[in-house]
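> All chains, full assembly: derive it from the sequences and hints.
Residue numbers (my numbering), protein chains in the order written: chain U, 1 to 342; chain P, 1 to 342.
Incorrect hints may appear among the rest.
Copies of the same chain look alike in the list, so a pair counts if it works inside one copy or between any two.
With a cut-off of at most 30 Å between alpha-carbon atoms, the simulated DSS-like pairs for lysine-lysine come out as follows [what the hints assert, rightly or not]:
| hint | residue 1 | residue 2 |
| --- | --- | --- |
| 1 | 23 | 308 |
| 2 | 256 | 229 |
| 3 | 253 | 23 |
| 4 | 253 | 308 |
| 5 | 23 | 229 |
| 6 | 229 | 185 |
| 7 | 256 | 23 |
| 8 | 229 | 253 |
| 9 | 185 | 256 |
To be clear, the hints were calculated from the coordinates, so they are not data collected in a lab. In this text the structure is predicted, and so the values were computed from the model without any measurement.
2 protein chains.
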Amino acid sequence: MSNIREVARLAGVSVATVSRTLKSPERVLPDTRDRVMAAVEQAGYRPNLMAVQFRSRRTGNLVILVPTIANTFFARVISGAQQAAQAAGYRLLLCDTQGREALERQFADLVYAHQADGVIQLRAFDPFEGSTSGQDLPPIVNACEVIQQGRHPTISLDNVAAAKAMTEHLIALGHRRIGLIKGSKGSPLTRDRLAGYEQAIRQAGLALDDALVCHGDFSLAAGYAGAGKMLALDDRPSALFCESDEMAIGALKRIKEEGLRVPEDISLAGFDDIPMAAYCDPPLTTISQPAEMFGEKAVEMLIALIEKQPSPARHVVLPFQLTPRGSTARIEPPYSDSSFND
Amino acid sequence: MSNIREVARLAGVSVATVSRTLKSPERVLPDTRDRVMAAVEQAGYRPNLMAVQFRSRRTGNLVILVPTIANTFFARVISGAQQAAQAAGYRLLLCDTQGREALERQFADLVYAHQADGVIQLRAFDPFEGSTSGQDLPPIVNACEVIQQGRHPTISLDNVAAAKAMTEHLIALGHRRIGLIKGSKGSPLTRDRLAGYEQAIRQAGLALDDALVCHGDFSLAAGYAGAGKMLALDDRPSALFCESDEMAIGALKRIKEEGLRVPEDISLAGFDDIPMAAYCDPPLTTISQPAEMFGEKAVEMLIALIEKQPSPARHVVLPFQLTPRGSTARIEPPYSDSSFND
DNA sequence: GTGAAAGCGCTAACAA
DNA sequence: TTGTTAGCGCTTTCAC
Numbered sequence: 001m002s003n004i005r006e007v008a009r010l011a012g013v014s015v016a017t018v019s020r021t022l023k024s025p026e027r028v029l030p031d032t033r034d035r036v037m038a039a040v041e042q043a044g045y046r047p048n049l050m051a052v053q054f055r056s057r058r059t060g061n062l063v064i065l066v067p068t069i070a071n072t073f074f075a076r077v078i079s080g081a082q083q084a085a086q087a088a089g090y091r092l093l094l095c096d097t098q099g100r101e102a103l104e105r106q107f108a109d110l111v112y113a114h115q116a117d118g119v120i121q122l123r124a125f126d127p128f129e130g131s132t133s134g135q136d137l138p139p140i141v142n143a144c145e146v147i148q149q150g151r152h153p154t155i156s157l158d159n160v161a162a163a164k165a166m167t168e169h170l171i172a173l174g175h176r177r178i179g180l181i182k183g184s185k186g187s188p189l190t191r192d193r194l195a196g197y198e199q200a201i202r203q204a205g206l207a208l209d210d211a212l213v214c215h216g217d218f219s220l221a222a223g224y225a226g227a228g229k230m231l232a233l234d235d236r237p238s239a240l241f242c243e244s245d246e247m248a249i250g251a252l253k254r255i256k257e258e259g260l261r262v263p264e265d266i267s268l269a270g271f272d273d274i275p276m277a278a279y280c281d282p283p284l285t286t287i288s289q290p291a292e293m294f295g296e297k298a299v300e301m302l303i304a305l306i307e308k309q310p311s312p313a314r315h316v317v318l319p320f321q322l323t324p325r326g327s328t329a330r331i332e333p334p335y336s337d338s339s340f341n342d
Numbered sequence: 001m002s003n004i005r006e007v008a009r010l011a012g013v014s015v016a017t018v019s020r021t022l023k024s025p026e027r028v029l030p031d032t033r034d035r036v037m038a039a040v041e042q043a044g045y046r047p048n049l050m051a052v053q054f055r056s057r058r059t060g061n062l063v064i065l066v067p068t069i070a071n072t073f074f075a076r077v078i079s080g081a082q083q084a085a086q087a088a089g090y091r092l093l094l095c096d097t098q099g100r101e102a103l104e105r106q107f108a109d110l111v112y113a114h115q116a117d118g119v120i121q122l123r124a125f126d127p128f129e130g131s132t133s134g135q136d137l138p139p140i141v142n143a144c145e146v147i148q149q150g151r152h153p154t155i156s157l158d159n160v161a162a163a164k165a166m167t168e169h170l171i172a173l174g175h176r177r178i179g180l181i182k183g184s185k186g187s188p189l190t191r192d193r194l195a196g197y198e199q200a201i202r203q204a205g206l207a208l209d210d211a212l213v214c215h216g217d218f219s220l221a222a223g224y225a226g227a228g229k230m231l232a233l234d235d236r237p238s239a240l241f242c243e244s245d246e247m248a249i250g251a252l253k254r255i256k257e258e259g260l261r262v263p264e265d266i267s268l269a270g271f272d273d274i275p276m277a278a279y280c281d282p283p284l285t286t287i288s289q290p291a292e293m294f295g296e297k298a299v300e301m302l303i304a305l306i307e308k309q310p311s312p313a314r315h316v317v318l319p320f321q322l323t324p325r326g327s328t329a330r331i332e333p334p335y336s337d338s339s340f341n342d
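Here is the structure:
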């Protein structure tokens with residue numbers, strides 16, 4: 001592997017001139033430039049990035065912490081992030097953390113080790129918690145599942161509003177008993193979506209019923225299990241809202257196994273709009289999120305932080321969209337209820 | 001940010017002693033060691049990995065090139081790779097290439113730029129093609145979709161055997177006209193699975209029919225479109241084998257839309273066994289692949305290459321498994337055929 | 001416009 | 001066992 005000295009020798013110039021030719025060609029005579037470029041070619045020279053980065057104290061690496069990559073939603077986020085990083089000349093250091101804080105801390109620490117310039121965290125956990133005083137916080141942005149009142153810039157969705165919109169959609173279809181399968185315990189996503197659900201129920205003058213809310217963890221299996229519980233109720237819900245599409249698809253399986261039809265016997269709604277949602281039978285009514293944009297925005301904001309550009313906004317909220325498909329339908333109210341009109 | 005010199009000063013030793021204490025503590029007096037560790041603590045010292053790597057000419061980074069991360073199968077592969085890399089003290093530099101060769105080359109070149117120690121390529125394309133003489137080939141392994149007669153170590157599946165097994169399964173159920181929706185054009189996966197399909201058909205004494213084979217690209221949409229073509233045939237197949245689960249799920253949607261039932265009217269089979277496959281209606285008969293193991297093995301082999309360990313094998317073939325579920329069923333042969341016996 | 005030289009933070013001979 | 005010293009390959013003043 002040839003180095004800059006070798007090139008300088010071949011071109012009959014100093015190493016400084018080679019460096020300049022490569023970085024700011026306009027500061028070098030065309031004649032010299034040509035000689036240097038020829039020497040670069042001849043030597044098959046590739047700058048040693050290790051040395052460049054070491055010297056210039058900038059790595060071009062961004063750490064991205066993802067709870068699990070084996071989830072279509074996060075995969076799309078990462079895809080968007082990769083795209084944006086690529087375009088801006090940065091690289092992505094991926095860590096599938098499985099939500100393990102030790103791992104998240106370890107990878108985030110790569111910034112301290114000068115191995116990365118910044119961190120994107122897709123989970124509501126601050127990997128720098130306690131490890132530093134507020135002053136010299138490394139560049140980090142928190143996207144998707146964001147820390148409430150955290151100290152980092154965030155990119156999020158208005159999960160309360162989205163869950164409320166979906167619940168209102170179900171209410172507008174005549175549903176009065178609406179079940180909710182929640183996401184992972186402790187997740188702000190779970191809490192916000194529950195809040196939106198409750199707001200809609202209350203504002204419609206309906207009663208909240210604890211039996212209609214059960215825990216999950218966003219997975220297929222959790223949806224399957226949760227639906228099982230719901231259907232076993234004496235007074236089972238006529239609609240089921242799952243806090244993720246994966247859970248909705250799991251629930252769909254269970255509902256069918258119990259011999260019920262969607263949406264005739266029970267309406268079903270998800271959250272995320274993963275590609276598979278449109279291919280279910282029936283297609284899933286859901287909340288569409290701009291997954292790729294989470295990644296893009298996160299990278300943009302992080303780079304702005306790193307390069308100390310004037311950041312446009314510390315907290316970005318991306319838009320969602322209610323996407324009605326075949327899994328939700330109007331029902332005849334089982335009893336007359338004058339408080340309801342649509 | 002404090003450096004090694006600062007620590008040395010605090011501990012009243014030389015920088016060499018600090019370095020030794022951190023790297024091989026046994027070569028330092030316990031007394032000195034304690035003083036150094038105290039100084040490290042006091043200074044909040046973190047070794048500058050940039051400098052360490054620069055000096056020791058080893059980055060600890062592995063580039064992983066994935067065609068698309070938004071595919072459950074690859075997501076699982078990456079998850080396994082990450083796990084293994086993590087355990088071995090390496091980091092993963094992720095590149096979602098979308099199959100763009102320029103990008104693949106660019107990222108693979110990070111090895112030349114001393115930014116990564118090796119490359120994992122999950123597609124049948126040699127990013128170092130033409131860029132180097134066979135002698136000083138950088139460490140690289142090729143997994144999942146492997147280059148035929150390539151010069152790199154590989155981890156693959158016997159796709160011919162797997163597709164053959166699935167086709168034989170369908171034949172054993174009494175199917176004589178079996179459609180095939182192929183994967184991406186030009187992919188060895190596509191070619192091998194086609195070969196396995198053809199072998200099974202021929203060995204069963206059935207006729208190959210071009211009309212029963214159509215192109216796809218592993219995506220949901222391609223399965224949907226492909227099934228449309230198959231069902232439009234005058235003499236439509238009684239079974240449909242898709243070269244990926246995603247295509248099978250797309251096909252399933254189309255089949256239902258055409259008013260047909262799976263498996264009563266048409267049997268359907270996929271390939272990969274993505275989590276969703278078990279949650280379809282009906283659950284999908286498919287070929288299970290040890291996705292995570294592809295990633296693990298690839299990392300293991302790559303590290304062996306990098307560290308010049310005696311590599312156990314250059315070409316590893318991982319096992320597949322035929323996983324019958326509800327989407328395939330026996331049919332009564334539409335006509336008597338003495339050549340068939342099961 | 002170009003070159004000489006210092007030095008980024010660390011490791012690894014070699015000396016003591 | 002510990003310290004001294006010479007770089008790793010590059011960028012960047014500062015002279016010329």
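> Using 30 Å as the alpha carbon limit, work out where residue 253 and residue 23 are close: within a copy, between copies, both or neither.
Intra 59 Å, inter 55 Å, cutoff 30 Å: neither.
> At most 30 Å between alpha carbons: which applies to residue 23 and residue 229, within, between, both or neither?
Cα proximity of residue 23 and residue 229: none, with 64 Å in one copy and 55 Å across.
> 30 Å Cα cut-off: does residue 229 pair with residue 185 within a copy, between copies, both or neither?
within (17 Å within a copy, 46 Å between copies)
> 30 Å Cα cut-off: does residue 185 pair with residue 256 within a copy, between copies, both or neither?
within (27 Å within a copy, 37 Å between copies)
> Pop the pair residue 229 and residue 253 into one bin, within, between, both or neither, using alpha-carbon distances up to 30 Å.
Both: 13 Å inside a chain and 28 Å across chains, each within 30 Å.
> At most 30 Å between C-alpha atoms: does residue 23 with residue 308 qualify within a copy, between copies, both, or neither?
within (21 Å within a copy, 35 Å between copies)
> At 30 Å max between alpha carbons, let me know whether residue 256 reaches residue 229 within a copy, between copies, both or neither.
Close inside one copy (14 Å) and across copies (29 Å); limit 30 Å.
> At most 30 Å between CA atoms: does that hold for residue 256 and residue 23 within a copy, between copies, both, or neither?
Neither, since 64 Å and 60 Å both go past 30 Å.
> At 30 Å max between alpha carbons, let me know whether residue 253 reaches residue 308 within a copy, between copies, both or neither.
neither (50 Å within a copy, 50 Å between copies)
Going through the hint list in order, the structure does not satisfy hints 3, 4, 5, 7.
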